[in-house]
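Using the sequences provided together with the hints, build the complete structure.
Here is how the chains run, residue by residue.
2 protein chains.
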Amino acid sequence: MLLSDAGSPAAVRPVGLGDFLADCAREVDVFLDGVLPPATGPTATLAGAMRHAVLGGGKRIRPALAMASAIAVGGRSHDALPVAGALEMVHTYSLIHDDLPCMDDDDLRRGQPTVHVRFGEAIAVLAGDALHTLAFDTIAGSDAPPEMRLECVKRLAVAAGPDGMVGGQVLDLEAETRTPDARGLEAIHRGKTGALISASVALGALAGGGTSWQADTLGGFGQELGLVFQIVDDLLDEEQTSARLGKSAGKDRAAGKATYPAIHGLEAARAEASRHAAMARSLLEAAGAGPGPPVNSTGVHLLRLLTDRILHRTA
Amino acid sequence: MLLSDAGSPAAVRPVGLGDFLADCAREVDVFLDGVLPPATGPTATLAGAMRHAVLGGGKRIRPALAMASAIAVGGRSHDALPVAGALEMVHTYSLIHDDLPCMDDDDLRRGQPTVHVRFGEAIAVLAGDALHTLAFDTIAGSDAPPEMRLECVKRLAVAAGPDGMVGGQVLDLEAETRTPDARGLEAIHRGKTGALISASVALGALAGGGTSWQADTLGGFGQELGLVFQIVDDLLDEEQTSARLGKSAGKDRAAGKATYPAIHGLEAARAEASRHAAMARSLLEAAGAGPGPPVNSTGVHLLRLLTDRILHRTA
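Protein chains in written order, with our numbering: chain H, 1 to 315; chain B, 1 to 315.
Mixed in with the good hints there might be a few duds.
Here chain B is said to cover these stretches of chain H; the calculated rule only asks that three of the stretch's residues, wherever they fall, bring their Cβ under 8 Å from a Cβ of chain B [claimed, not checked]:
1) 59 to 68
2) 138 to 151
Label-pair distances were calculated between CB atoms; the ranges are [said to hold, decoys possible]:
3) H:Gly-265 with B:Asp-107: 38 to 48 Å
4) H:Gly-141 with B:Ala-286: 19 to 29 Å
5) B:Ala-289 with H:Pro-113: 48 to 58 Å
6) B:Asp-181 with H:Ala-44: 15 to 25 Å
Hints were generated in silico from the structure; no laboratory data involved. Every residue, glycine too, gets a C-beta built ideally from N, C-alpha and C.
Dropping the structure here:
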């Protein structure tokens, strides 16, 4: 259990974001280690590939968002572990498939060889598929109330599906041959990145016992935060080295991909990130001021700190 | 609604399997057409690929098994439509990924160009992913009781995951370099084909209002039936032409793949199929004679006819 869980709805306790992120990462890693199949027996290669991809680093932003959101609606971060694990598995499956030679053809991810480089393409396709299935299995098999589990399965499926993450990836693919305008680029990133980040906040709220209204409002905050995340990602791809990012840098530009810096220029892209961060903060205030039950200010504070961290991150 | 739905638990009414299969296929196709995203708008290519794969033919064996199973436990075939649709989507996603160049590298499926041939590899990966997500969305979003929907999500995830279908595909891949014995081959097919066929019967039973005991027992019948299906598939690959099968024939042998005919010889493989069909029939009788509520003999009769059809199919 995290320190910040003990906060009463009214009190803002000082919480260090670094400690919170480290606690979240440790808890979700223990959880994932328990959920992933053991790398022994006849399908050891598959399990090894799944473990390599999931447990080989990663910032655990989505789990941290889900856990902070659970606290924000008055629940415990621990309640959000199954959804946090599921979100990280869906995110990881999408990275494995996205890195395939027929997609972005990336060799490096989280500072490690990508799954297809290490295990071959066929195993990479199947390891992604297995993580995708296991994510739904994990939510459906948790011990939360049935209606809540179902609501989380549904929202995760919508976020990951053709109207969300996969839809965004298709738009991104098509942008390689038909350069989108600013609006088209935003649509790509609302799907590709925003949908799952939004779902992280919404599912965390549901897992923490929040209402549908809270999940929707916090999910709206997550949509804006997802855009901040992606614009900063584009900026880092432009400005940083591969060693620092743990993945191949400068590839977007080399591939002639539409990015925020490419369309808006560096300065305007930075301003755009700040603008979406400000919208995210407003929606966060709205979640606290709306018709729902009172929010836990510690959790809201953590979400605000996460917004700043995502806006100002350097890797 | 199907003719056979009206049967009372005690009466065996004469039911033509051909009519039943045609009715199931028509109903599930209408259902799937309504669930799949429309092939318009910004992600039209993705939706087109999903529709090409799902609606471009197929025997609809899994939907028919689910619907017959729902009838067998005293429910209506119509109740099984969401699970039937989800099962067909999971089956189709697995075919799309299995046909990829890095997997079986097949150009022809259901008498049509495979998805990657028609739409490119990247869209094929993503169309498979989208169908995978949509399958869980469809079950979670149906109007069945929440506990039942959750149970179906869990059983489908287990059947499709590392201990089921995907695990079987990994064993199958590895069999290309390390020829399995008869027992190893059975493990491949229990995972690769058996798990989802078993889940079809089990989920149909749950959707029809059957007990967990009935779902388990009928699922056991489905496991044996899955082996029959796969052995016959191997035999057809050996004996038939591509035109008749609607997919590339003789590829298994050409690839040096372990198959039932390759390991046992043609005659012994046929005998093995008959032996598993007999075991399937016994388990079907057991489902009717067990401690659960009485079964509907029309539904059981349909499952028996489906067993015979799968054993004696020629395409």
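Status of each hint after checking the structure:
Under a criterion of three residues with beta carbons nearer than 8 Å to beta carbons of chain B, the stated coverage of the stretch 59 to 68 of chain H fails, only 0 such residues being counted. With a cut-off of 8 Å between beta carbons, the stretch 138 to 151 of chain H has 6 residues touching chain B; three or more are needed, and the interface restraint holds. For the hinted restraint 38 to 48 Å between Gly-265 of chain H and Asp-107 of chain B, the CB-CB distance of approximately 45 Å keeps it satisfied. Hint check: Gly-141 of chain H to Ala-286 of chain B, Cβ distance near 28 Å, so the stated range 19 to 29 Å holds.
The given range of 48 to 58 Å is respected by Ala-289 of chain B and Pro-113 of chain H, whose C-beta atoms sit roughly 56 Å from each other. For the hinted restraint 15 to 25 Å between Asp-181 of chain B and Ala-44 of chain H, the CB-CB distance of approximately 18 Å keeps it satisfied.
Violated hints amount to a single one, hint 1; each of the other numbered hints is respected by the structure.
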